[in-house]
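Based on the provided sequences and hints, a complete structural model is requested.
Numbering-wise, our numbering puts 111 at position 111 of the sequence shown, and it's gapless, one number per residue.
No wet-lab data here; the hints were simulated from the structure.
Take these hints with a grain of salt, some might be off.
Taking lysine-lysine and the DSS-like style, the derived pairs with C-alpha atoms no more than 25 Å apart in a straight line are [to be verified]:
| id | residue 1 | residue 2 |
| --- | --- | --- |
| 1 | Lys70 | Lys58 |
| 2 | Lys70 | Lys33 |
| 3 | Lys26 | Lys84 |
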Amino acid sequence: MRFMYIVTSSQPPRPPTPALMEAMGKLADREIKAGRMIDNGGLMPVAMGAQVRITDGKLSVVDGPFVETKEMIGGYAIFELRDKEEAVAAAVEFMQLHREHMPGWDGTCEVRAFATAGADGSCQVDALAHS
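Printed below as a string of C-alpha coordinates:
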(Lines of atoms letter the chains of each structure in order from A and count residues from 1; the text may use other names and numbers.)
(Lines give C-alpha, C1' and ligand atoms only; values in the text may rest on other atoms or scores of the structure.)
Protein backbone atom coordinates (compact mmCIF):
# COMPACT_ATOMS: atom_id res chain seq x y z
CA MET A 1 0.00 0.00 0.00
CA ARG A 2 1.13 3.50 -0.70
CA PHE A 3 1.12 6.07 2.12
CA MET A 4 1.86 9.78 2.24
CA TYR A 5 3.32 11.42 5.31
CA ILE A 6 2.49 15.12 5.62
CA VAL A 7 4.51 17.02 8.22
CA THR A 8 2.88 20.14 9.66
CA SER A 9 3.66 22.63 12.38
CA SER A 10 1.89 25.68 13.76
CA GLN A 11 5.16 27.14 15.01
CA PRO A 12 7.01 29.87 13.11
CA PRO A 13 9.11 28.24 10.40
CA ARG A 14 12.71 27.52 11.27
CA PRO A 15 15.25 25.44 9.42
CA PRO A 16 16.02 21.92 10.63
CA THR A 17 19.17 21.57 12.69
CA PRO A 18 22.22 20.04 10.97
CA ALA A 19 21.88 17.05 13.31
CA LEU A 20 18.27 16.52 12.23
CA MET A 21 19.19 16.83 8.55
CA GLU A 22 21.93 14.21 9.00
CA ALA A 23 19.61 11.84 10.90
CA MET A 24 16.80 12.25 8.35
CA GLY A 25 19.31 11.70 5.53
CA LYS A 26 20.42 8.40 7.07
CA LEU A 27 16.80 7.31 7.60
CA ALA A 28 15.82 8.27 4.03
CA ASP A 29 18.86 6.47 2.59
CA ARG A 30 17.96 3.30 4.50
CA GLU A 31 14.30 3.45 3.44
CA ILE A 32 15.11 4.17 -0.22
CA LYS A 33 17.60 1.27 -0.35
CA ALA A 34 14.96 -1.02 1.20
CA GLY A 35 12.48 0.04 -1.50
CA ARG A 36 9.99 1.50 0.98
CA MET A 37 10.48 5.24 0.42
CA ILE A 38 9.41 6.38 -3.03
CA ASP A 39 9.80 10.15 -2.69
CA ASN A 40 10.28 12.86 -0.06
CA GLY A 41 10.96 16.54 0.19
CA GLY A 42 10.66 19.74 2.12
CA LEU A 43 8.50 22.62 0.97
CA MET A 44 9.37 26.28 0.61
CA PRO A 45 7.63 28.82 2.89
CA VAL A 46 3.99 29.68 2.13
CA ALA A 47 5.06 33.23 1.25
CA MET A 48 6.57 31.78 -1.92
CA GLY A 49 3.46 29.81 -2.88
CA ALA A 50 -0.04 30.43 -4.18
CA GLN A 51 -3.51 29.00 -3.65
CA VAL A 52 -5.97 28.39 -6.46
CA ARG A 53 -9.46 28.58 -4.97
CA ILE A 54 -13.07 28.15 -5.93
CA THR A 55 -15.42 30.23 -3.78
CA ASP A 56 -19.07 30.71 -4.67
CA GLY A 57 -18.35 29.26 -8.11
CA LYS A 58 -15.57 31.78 -8.84
CA LEU A 59 -11.99 30.75 -9.47
CA SER A 60 -9.23 32.92 -8.01
CA VAL A 61 -5.49 32.80 -7.40
CA VAL A 62 -4.09 34.11 -4.12
CA ASP A 63 -0.36 34.58 -3.65
CA GLY A 64 1.17 33.69 -0.29
CA PRO A 65 1.49 34.31 2.51
CA PHE A 66 -2.02 33.29 3.45
CA VAL A 67 -3.57 35.15 6.37
CA GLU A 68 -5.68 32.20 7.51
CA THR A 69 -2.78 29.72 7.57
CA LYS A 70 -2.62 28.22 11.05
CA GLU A 71 -0.39 25.29 10.17
CA MET A 72 2.28 25.07 7.54
CA ILE A 73 3.09 21.90 5.63
CA GLY A 74 6.85 21.63 5.90
CA GLY A 75 7.44 18.43 3.99
CA TYR A 76 6.17 15.11 2.78
CA ALA A 77 7.27 11.55 2.09
CA ILE A 78 5.68 8.77 0.07
CA PHE A 79 6.17 5.16 1.15
CA GLU A 80 5.19 1.74 -0.13
CA LEU A 81 4.42 -0.29 3.01
CA ARG A 82 2.47 -3.40 4.03
CA ASP A 83 -0.25 -1.76 6.10
CA LYS A 84 -1.26 1.11 8.36
CA GLU A 85 0.57 -0.37 11.35
CA GLU A 86 3.89 -0.38 9.48
CA ALA A 87 3.20 3.16 8.23
CA VAL A 88 2.49 4.46 11.73
CA ALA A 89 5.59 2.73 13.16
CA ALA A 90 7.77 4.38 10.50
CA ALA A 91 6.17 7.77 11.20
CA VAL A 92 6.88 7.36 14.92
CA GLU A 93 10.55 6.67 14.12
CA PHE A 94 10.67 9.75 11.87
CA MET A 95 9.07 12.04 14.46
CA GLN A 96 11.40 10.67 17.17
CA LEU A 97 14.28 12.14 15.13
CA HIS A 98 12.63 15.56 15.41
CA ARG A 99 12.17 15.15 19.15
CA GLU A 100 15.84 14.21 19.59
CA HIS A 101 17.40 16.74 17.21
CA MET A 102 15.07 19.79 17.41
CA PRO A 103 14.16 20.28 21.07
CA GLY A 104 11.14 22.53 21.53
CA TRP A 105 9.74 21.89 18.04
CA ASP A 106 6.09 20.86 17.92
CA GLY A 107 4.58 19.28 14.85
CA THR A 108 2.49 16.52 13.36
CA CYS A 109 3.16 13.78 10.84
CA GLU A 110 -0.16 12.87 9.26
CA VAL A 111 -0.22 9.36 7.77
CA ARG A 112 -2.62 8.95 4.85
CA ALA A 113 -3.19 5.96 2.57
CA PHE A 114 -3.51 6.62 -1.14
CA ALA A 115 -6.85 5.77 -2.71
CA THR A 116 -6.69 3.49 -5.74
CA ALA A 117 -8.89 3.31 -8.81
CA GLY A 118 -11.20 0.30 -8.97
CA ALA A 119 -11.76 -1.72 -12.13
CA ASP A 120 -14.85 0.41 -12.83
CA GLY A 121 -12.87 3.66 -12.38
CA SER A 122 -14.30 4.38 -8.94
CA CYS A 123 -12.07 5.54 -6.11
CA GLN A 124 -11.41 2.83 -3.55
CA VAL A 125 -9.45 2.64 -0.34
CA ASP A 126 -7.61 -0.58 0.35
CA ALA A 127 -9.14 -2.45 3.28
CA LEU A 128 -5.66 -2.86 4.80
CA ALA A 129 -5.51 0.92 5.33
CA HIS A 130 -8.23 0.60 7.96
CA SER A 131 -6.68 -2.27 9.90
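Against the structure, the hints:
no.: 1; hint: Lys70 to Lys58; verdict: holds, 24 Å
no.: 2; hint: Lys70 to Lys33; verdict: violated, 36 Å
no.: 3; hint: Lys26 to Lys84; verdict: holds, 23 Å
In the structure shown, a violation is registered for the earlier hint numbered 2 alone.
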